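Undergrad: Chains A and B, in that order, give the protein sequences.
Going letter by letter, the first sequence gives residues 92 to 399 in the numbering used here.
Going letter by letter, the second sequence gives residues 92 to 399 in the numbering used here.
Because the hints were derived from the structure by calculation, they are not lab data.
Careful: at least some of the hints might be erroneous.
It does not matter which identical chain is meant; a pair holds if it fits inside one copy or across any two.
[As the list claims (entries may be wrong)] Derived DSS-like pairs (lysine-lysine); straight-line CA-CA distance at most 27 angstroms:
{"id": "1", "residue 1": "Lys162", "residue 2": "Lys96"}
{"id": "2", "residue 1": "Lys351", "residue 2": "Lys270"}
{"id": "3", "residue 1": "Lys162", "residue 2": "Lys377"}
{"id": "4", "residue 1": "Lys193", "residue 2": "Lys237"}
{"id": "5", "residue 1": "Lys177", "residue 2": "Lys270"}
{"id": "6", "residue 1": "Lys296", "residue 2": "Lys178"}
{"id": "7", "residue 1": "Lys121", "residue 2": "Lys194"}
{"id": "8", "residue 1": "Lys398", "residue 2": "Lys283"}
{"id": "9", "residue 1": "Lys177", "residue 2": "Lys297"}
{"id": "10", "residue 1": "Lys162", "residue 2": "Lys283"}
{"id": "11", "residue 1": "Lys283", "residue 2": "Lys156"}
{"id": "12", "residue 1": "Lys294", "residue 2": "Lys95"}
{"id": "13", "residue 1": "Lys303", "residue 2": "Lys375"}
{"id": "14", "residue 1": "Lys162", "residue 2": "Lys221"}
{"id": "15", "residue 1": "Lys156", "residue 2": "Lys377"}
{"id": "16", "residue 1": "Lys206", "residue 2": "Lys395"}
{"id": "17", "residue 1": "Lys375", "residue 2": "Lys395"}
{"id": "18", "residue 1": "Lys377", "residue 2": "Lys193"}
{"id": "19", "residue 1": "Lys177", "residue 2": "Lys288"}
{"id": "20", "residue 1": "Lys138", "residue 2": "Lys156"}
{"id": "21", "residue 1": "Lys303", "residue 2": "Lys286"}
{"id": "22", "residue 1": "Lys193", "residue 2": "Lys268"}
{"id": "23", "residue 1": "Lys286", "residue 2": "Lys193"}
{"id": "24", "residue 1": "Lys178", "residue 2": "Lys297"}
{"id": "25", "residue 1": "Lys177", "residue 2": "Lys216"}
{"id": "26", "residue 1": "Lys351", "residue 2": "Lys375"}
For clarity, every value in this text was computed on a predicted model and none was experimentally measured.
Protein chains: 2
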Amino acid sequence: MSKKKYDLIIIGAGPAGMMASIYASRYGIKHLVIGGIPGGLVTQTHKIGNWLGTESISGMEFVQKAEQHVKSYQTEILNNLVKKIKKDKSSGFEIFLENQEKKETKAIIFAVGTKHRCLEVPGEKELLGKGVSYCATCDGFFYRNKTVAVIGGSDSAVSAALYLADIVQEVYLIYRKEKLRAENFWVEAAEKNPKIKIIYQTKVKKIIGESKVESLELDNQFENLTQIKVEGVFIEIGAVPAVELVEEIGVELDDEGYIKINSDGSTNISGIWSAGDITTGSNKFKQIITASAEGAVAAQSVQKFLKK
Amino acid sequence: MSKKKYDLIIIGAGPAGMMASIYASRYGIKHLVIGGIPGGLVTQTHKIGNWLGTESISGMEFVQKAEQHVKSYQTEILNNLVKKIKKDKSSGFEIFLENQEKKETKAIIFAVGTKHRCLEVPGEKELLGKGVSYCATCDGFFYRNKTVAVIGGSDSAVSAALYLADIVQEVYLIYRKEKLRAENFWVEAAEKNPKIKIIYQTKVKKIIGESKVESLELDNQFENLTQIKVEGVFIEIGAVPAVELVEEIGVELDDEGYIKINSDGSTNISGIWSAGDITTGSNKFKQIITASAEGAVAAQSVQKFLKK
Numbered sequence: 092m093s094k095k096k097y098d099l100i101i102i103g104a105g106p107a108g109m110m111a112s113i114y115a116s117r118y119g120i121k122h123l124v125i126g127g128i129p130g131g132l133v134t135q136t137h138k139i140g141n142w143l144g145t146e147s148i149s150g151m152e153f154v155q156k157a158e159q160h161v162k163s164y165q166t167e168i169l170n171n172l173v174k175k176i177k178k179d180k181s182s183g184f185e186i187f188l189e190n191q192e193k194k195e196t197k198a199i200i201f202a203v204g205t206k207h208r209c210l211e212v213p214g215e216k217e218l219l220g221k222g223v224s225y226c227a228t229c230d231g232f233f234y235r236n237k238t239v240a241v242i243g244g245s246d247s248a249v250s251a252a253l254y255l256a257d258i259v260q261e262v263y264l265i266y267r268k269e270k271l272r273a274e275n276f277w278v279e280a281a282e283k284n285p286k287i288k289i290i291y292q293t294k295v296k297k298i299i300g301e302s303k304v305e306s307l308e309l310d311n312q313f314e315n316l317t318q319i320k321v322e323g324v325f326i327e328i329g330a331v332p333a334v335e336l337v338e339e340i341g342v343e344l345d346d347e348g349y350i351k352i353n354s355d356g357s358t359n360i361s362g363i364w365s366a367g368d369i370t371t372g373s374n375k376f377k378q379i380i381t382a383s384a385e386g387a388v389a390a391q392s393v394q395k396f397l398k399k
Numbered sequence: 092m093s094k095k096k097y098d099l100i101i102i103g104a105g106p107a108g109m110m111a112s113i114y115a116s117r118y119g120i121k122h123l124v125i126g127g128i129p130g131g132l133v134t135q136t137h138k139i140g141n142w143l144g145t146e147s148i149s150g151m152e153f154v155q156k157a158e159q160h161v162k163s164y165q166t167e168i169l170n171n172l173v174k175k176i177k178k179d180k181s182s183g184f185e186i187f188l189e190n191q192e193k194k195e196t197k198a199i200i201f202a203v204g205t206k207h208r209c210l211e212v213p214g215e216k217e218l219l220g221k222g223v224s225y226c227a228t229c230d231g232f233f234y235r236n237k238t239v240a241v242i243g244g245s246d247s248a249v250s251a252a253l254y255l256a257d258i259v260q261e262v263y264l265i266y267r268k269e270k271l272r273a274e275n276f277w278v279e280a281a282e283k284n285p286k287i288k289i290i291y292q293t294k295v296k297k298i299i300g301e302s303k304v305e306s307l308e309l310d311n312q313f314e315n316l317t318q319i320k321v322e323g324v325f326i327e328i329g330a331v332p333a334v335e336l337v338e339e340i341g342v343e344l345d346d347e348g349y350i351k352i353n354s355d356g357s358t359n360i361s362g363i364w365s366a367g368d369i370t371t372g373s374n375k376f377k378q379i380i381t382a383s384a385e386g387a388v389a390a391q392s393v394q395k396f397l398k399k
């Protein structure tokens, strides 16, 4: 294998990428982390209660500590986005960044995670940033004493509703099914919260507003109306894997678009490993702990690969 | 399914069992943790450097924090050992403890981890506790200013040698191969440490001593001798899965004796999940982070199972 600047480039700086970096550092692997947002989606989590040994920590604080841990080994985290990945002639890879730079590496751990799923209703795109948001932690503050809606029934949705209830006047939690699918812990807290009204078996058909969100059109009546007035709507209906970059170089995906990995984190392309929410690993349970573990496994595998 | 006291019993209170418990608590699953030693082998780790967001923590402190986290949900950790697991007539299980108590449950997460591998040489059993130890963190203190040996080349072995070097006068690190297989981070530190002498390509044939360890017989000369004088010997040559309890009720193992799990943590026996170092999961990478992640996945699967 020809000499390259890096033995490993980790694309993605969420828990999977950061944990992979720490293991790589401890193995003495010369590597670089490239990530648009250190911490990834974790930065948008207002409260983490299930990180072993830590009863409660904000997403932002967790990310700061993780980043500091990565950097304690003098590892660089490049805050940039990758535009293209190309195989080179010597079984390595060229990575092209949005700022026109090019990086060369022998191995890649691809760990960019997922992006927010869209509701795909009229008004969603048009009113994005004008009342439509995918991140309660980021934007909740703007709705102090106002009425907002959260759409979804997962941990993210219900915990977003709870977070918002501390700030806003009233939260509608709108879910298409008859029972929230979040952890009991969140469900009970939401049900007890006087500021949260849960609307079950209901879909949002349209987000209405001229220059900003004014109301939602529902497919079911709620208190005899099919429209409810809100000034903000937080869409928390899950995530889709962000696989564009690796799809074009032939990394194999499953039916739902997740990167197929083997038990050692390897993909079908030699030299490319993957870890975290973007993979088929950990039974697709998208948790900080599972993403981190996959990062560790991938780093160990890369170490074995580089030793050959 | 008939009414039982518990919906879930987690056997094993290491990282896998404790993480499973935290997830189970947050799902509202009525459960009990049974574990001889809360923290399991982690209690024997003197320093953890690869827990995301925590640059350095002792094994004992980590375990205390994890245990406190588990108990913050009012979950009981029973410090007892399981003697037998039996299927009952209603597709659940009876768990018999060494103190003669019996517990009943619908589901089990089996997460007892591994136990120390023995060297299988003369003197090892005879001198156990008289100079022979499997835990530097536990027993290192007794060898202040003495000469000891550590046997092995893994992360555990090399980090044990480093830990001991702070206490004792001299440490022989004896490994059968020509290169240590620990993380570079540990290897470099050991090589730099003036108190550590690394003896490569050498096996210990015999542990010699009357009432306590006096010397080791090697299969290769070291400084022209095949015997070296030591007062303590720490055996750190890996682990074997502790599967006796589940083997007898038919849980399927792989060739190396690890519990075969599916991606959701399930075993071949309905109602029994498994997580952590004892399983074939996480590419058999035995780390706190991988064990914890497997615990989370198993708990999620149990939650889905109980909802049915």
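Undergrad: All the hints need checking, so say for each whether the structure fits it.
TA: Here is how each hint holds up against the structure:
For the homomeric pair Lys162 and Lys96, the shortest alpha-carbon distance inside one copy (19 angstroms) is at most 27 angstroms, but the shortest distance between copies (48 angstroms) is not. In this homomeric assembly, Lys351 and Lys270 never come within 27 angstroms of each other (Cα to Cα): the closest approach is 31 angstroms inside a single copy and 34 angstroms across copies. Taking the shortest alpha-carbon separations for Lys162 and Lys377, both the intra-copy value of 25 angstroms and the inter-copy value of 24 angstroms come in at or below 27 angstroms. In this assembly of identical chains, Lys193 and Lys237 lie within 27 angstroms of each other by CA distance neither inside one copy nor across copies; the values are 47 angstroms within and 55 angstroms between.
For a Cα distance limit of 27 angstroms, the shortest separation of Lys177 from Lys270 qualifies neither inside one copy, at 46 angstroms, nor across copies, at 35 angstroms. With identical chains, the CA atoms of Lys296 and Lys178 are never at most 27 angstroms apart, being 44 angstroms at best within one copy and 50 angstroms at best between copies. Taking CA atoms no more than 27 angstroms apart as the test, Lys121 paired with Lys194 passes inside one copy only; the shortest distance there is 13 angstroms, against 52 angstroms between copies. In this assembly of identical chains, Lys398 and Lys283 lie within 27 angstroms of each other by CA distance solely across copies; the values are 22 angstroms between and 56 angstroms within a copy.
Neither within a single protomer nor between protomers do Lys177 and Lys297 lie at most 27 angstroms apart by alpha-carbon distance, with minima of 41 angstroms and 56 angstroms respectively. Proximity of Lys162 to Lys283 under the C-alpha cut-off of 27 angstroms is restricted to the inter-copy arrangement: shortest distance 23 angstroms between copies versus 42 angstroms within a copy. Taking CA atoms no more than 27 angstroms apart as the test, Lys283 paired with Lys156 passes in neither setting, with 33 angstroms inside one copy and 29 angstroms between copies. In this assembly of identical chains, the alpha carbons of Lys294 and Lys95 never lie at most 27 angstroms apart, being 52 angstroms within a copy and 38 angstroms across copies at closest.
Within a single copy, Lys303 and Lys375 get their C-alpha atoms no closer than 36 angstroms, and across copies no closer than 53 angstroms, so neither meets the 27 angstroms cut-off. Taking the closest pair of Cα atoms, Lys162 and Lys221 never come within 27 angstroms of each other, the shortest separation being 37 angstroms inside a single copy and 44 angstroms across copies. For the identical chains of this complex, Lys156 and Lys377 are neighbours both inside a copy (20 angstroms) and across copies (24 angstroms), given an alpha-carbon limit of 27 angstroms. Taking the closest pair of Cα atoms, Lys206 and Lys395 come within 27 angstroms of each other only across two copies (25 angstroms); inside a single copy the shortest separation is 31 angstroms, beyond that limit.
Both within a single protomer and between protomers do Lys375 and Lys395 lie at most 27 angstroms apart by alpha-carbon distance, with minima of 25 angstroms and 14 angstroms respectively. For the homomeric pair Lys377 and Lys193, neither the shortest alpha-carbon distance inside one copy (31 angstroms) nor that between copies (36 angstroms) is at most 27 angstroms. For the identical chains of this complex, Lys177 and Lys288 are neighbours neither inside a copy (50 angstroms) nor across copies (46 angstroms), given an alpha-carbon limit of 27 angstroms. Taking the closest pair of Cα atoms, Lys138 and Lys156 come within 27 angstroms of each other both inside a single copy (15 angstroms) and across two copies (18 angstroms).
When the C-alpha separation of Lys303 and Lys286 is checked against a cutoff of 27 angstroms, the pair qualifies only within one copy, where the shortest distance is 23 angstroms, while the shortest distance between copies is 70 angstroms. Proximity of Lys193 and Lys268 under a CA criterion of 27 angstroms is satisfied in neither setting, with 47 angstroms inside one chain copy and 40 angstroms between copies. In this assembly of identical chains, the alpha carbons of Lys286 and Lys193 never lie at most 27 angstroms apart, being 51 angstroms within a copy and 45 angstroms across copies at closest. With identical chains, the CA atoms of Lys178 and Lys297 are never at most 27 angstroms apart, being 44 angstroms at best within one copy and 53 angstroms at best between copies.
Taking the shortest Cα distances, Lys177 and Lys216 never come within 27 angstroms of each other, neither inside one copy (32 angstroms) nor across copies (57 angstroms). Taking CA atoms no more than 27 angstroms apart as the test, Lys351 paired with Lys375 passes in both settings, with 11 angstroms inside one copy and 19 angstroms between copies.
Consistency with the previously given hints fails for numbers 2, 4, 5, 6, 9, 11, 12, 13, 14, 18, 19, 22, 23, 24 and 25, ordered from lowest to highest.
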